[in-house]
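In the order they appear, the protein sequences are chains S and P. Residue 1 is where the first sequence starts when you use this note's numbering, and the numbers rise one by one after that. Residue 1 is where the second sequence starts when you use this note's numbering, and the numbers rise one by one after that.
It should be emphasised that the hints constitute simulated quantities derived from the structure, not laboratory data. All C-beta atoms in this analysis are idealised placements derived from N, C-alpha and C, irrespective of residue type, glycine included. You can take every hint at face value.
To give an idea of the interface, some chain S residues facing chain P are shown, with a C-beta separation under 7 Å as derived from the structure: (1) 47; (2) 80; (3) 81; (4) 91; (5) 131.
With a straight-line cut-off of 25 Å between C-alpha atoms, the simulated SDA-like cross-links for lysine to any residue are: (6) S:51 with P:212; (7) S:129 with P:215; (8) S:123 with S:98; (9) P:62 with P:90; (10) S:51 with P:247; (11) S:51 with P:324; (12) S:51 with P:235; (13) S:129 with P:214; (14) S:51 with S:85; (15) S:51 with P:252; (16) P:62 with P:93.
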Amino acid sequence: MAELKLIGFLCNWCSYAGADMAGTARMKQPGELRIIRLPCTGRVNPLLILKAFQQGADGVLVSGCHPGDCHYNEGNYYARRRLELLSRMLPAFGIEPERFHFTWVSASEGARWADVVTQFTRKIEAMGKMSGAEQGTPPAKASCEAGVGAPDEQTGSEDAVPA
Amino acid sequence: MSDIVSIIQRVLGEVDLVLGWTATGAGGVAAPDRFQTAAEAERAVFNATCVHNLAVHLPRLKDKTVGIVAKGCDSRSVAQLIQEREIDRDRVKVIGVHGLGGMIDVRKIWRLHGYGVPVDARIDSLFIDGREVDRKEYLRQKCLGCRDTVPVVHDKLFEAQGPPITGIAEAATVEAILPGTGLGASLTAAEAMSAAGEDESRPLSELFANMNPTERRLFWREQYSRCIRCYACREACPMCFCRDVCIMQTTDPHWTGAGVDAGEAEMMQLIRVNHLAGRCTGCGECERACPVGIPLMLLMNEQNQVIEDLFGYRAGTDPEARPPLLTFDIKGDSRSEK
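Make a model of the complete structure from these sequences and hints.
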C-alpha cells in the first residue's frame, strides 16, 4: 500500500509542545503524520482541513489545548463549534468523518500524544487510502456536452438583472 | 387580490426606487426590474414566476433608500443582511408577500413544453399556452417544504391569497428527481441513480442521502466536472457580498487556482459552503442560477440542517440574533468531547 498522508494541525502552546515532549522522551509513535504548527486551534480555518483532503490527505488530525486552557482564553471554544460542524458536514462532501479527528493534548501529556497519534494512524491504516483520492491531479475535464442541455435557452431573460 | 402596482406606487413616496418584477421574460414570465417613478411602476407584476431573490441587489444599493418586494424566503435574506449590518433597516422598505401557494419552476415548463411558451402563472392557477394545467406539478422543489410563508421583516404586506402549501408535497412528483433547475440535469440524475442503484421516481436528495461517502465523492466529482466557473452561484447569492475581495479569485491567499476542472470547482463550493455556515437562508438562488444544473442545495440544505440540529439556529429569522459560530457555550458545546 502506498504511504498514507496524514496531516496534523497542532496548536503551538499545548499539543505541539506535547508532541515535542513525546519526541524528547523517545516515545514510540508512527511517522506518517505531518505536523503543521499553528498559533491556536482558533486559527484552524475549516477550509485548511478540506483543502488538505482535497489535495490527497487520507486523514487530518487537529489538536489543541484542553477547553479552559487556551493560551488566548477562548480560541479553542470557537474551534470546537467550527470543527463539530465540519465533522458533521464531511459525509456530505464525500469524506468519511472517521478520517477527521479533533482532540485536546496539553504540553505535559507526551504519553497521551503518542497514544493519540498511534490510534489515529492505526485507524486510517485500517481504512486505507481514500479511494478515488487522486485529488491532487483531478481527471481531465469532462467534455462540455456532457451535461449542458441547451445553453442558449437557459440564459434566457428569466435572470435579467435590473441595471 | 390587492394591487401590487398601487402598493409599489405608495412605497415610492418614501424611497428612491423599488425592486420588483415585470412580465418581460420569455413567454411572459417575470423578470426583475426597478421602478423609480409611479409611471414606471405601472409595469409591475406579481405572479408565481417571481422566483428571484431580489435581496441580492440590496448591498449594491447602499447609497439609496430602497423598497423591495420580498416573499417569505427572500425576507429571510433581508433579515440576515440587516443582522450583518450590511444594510440599514431604516433605508429599506420591505413589501412582504404573504400567503403564497408556492412558486412555479419555469425551467420545468420549458423542458416539457418548449422554451418561450406563453405562460400565465397566477398565484392560484397556471395556464401554459392558453390551457390550464395542474400547477402542483410545476411547483419549485424548494416551495414544497416551505416554512417561511410569513415574511420575517416587512413594512407593508401584500396579500397574495394563494392556495395553502401544506399537503401538496406528496402530489408533486413530476420531474421531482431533478433538483428543479438545470435543463441538462437529467443526465446527472441518471448517473446519480446508477450510483445509488435505485429507481427513478425518488428525489435526488433522497438518493444522495442513501449514498455512502465514496459514492458521494464520485457523485460530486461528476457534478463539478460540468462547472464552467461562471460564478453565477456567487453572484446570485444575497450573502456573497464581498465582491472585490472574494477568495475564490485571489492569488493571495491562493485557495483556488485558475483552472476549470472538477478539483477547482469542488474547492470553490467548499469555500462557499464554509463561508455561508450559519448565514445561508436556503433561498436556493445559487442552484437556480447554475447554468449546468449542479445541485448545490444538497450541500447548503445539509449544512443548514446540521446547524439547526447543533445550535437551534436558522439564519435570517431574527435580525437581532447572535450568529452561532461567533459565540460559544462552554458547557453545552462539550457534547462531542473525546
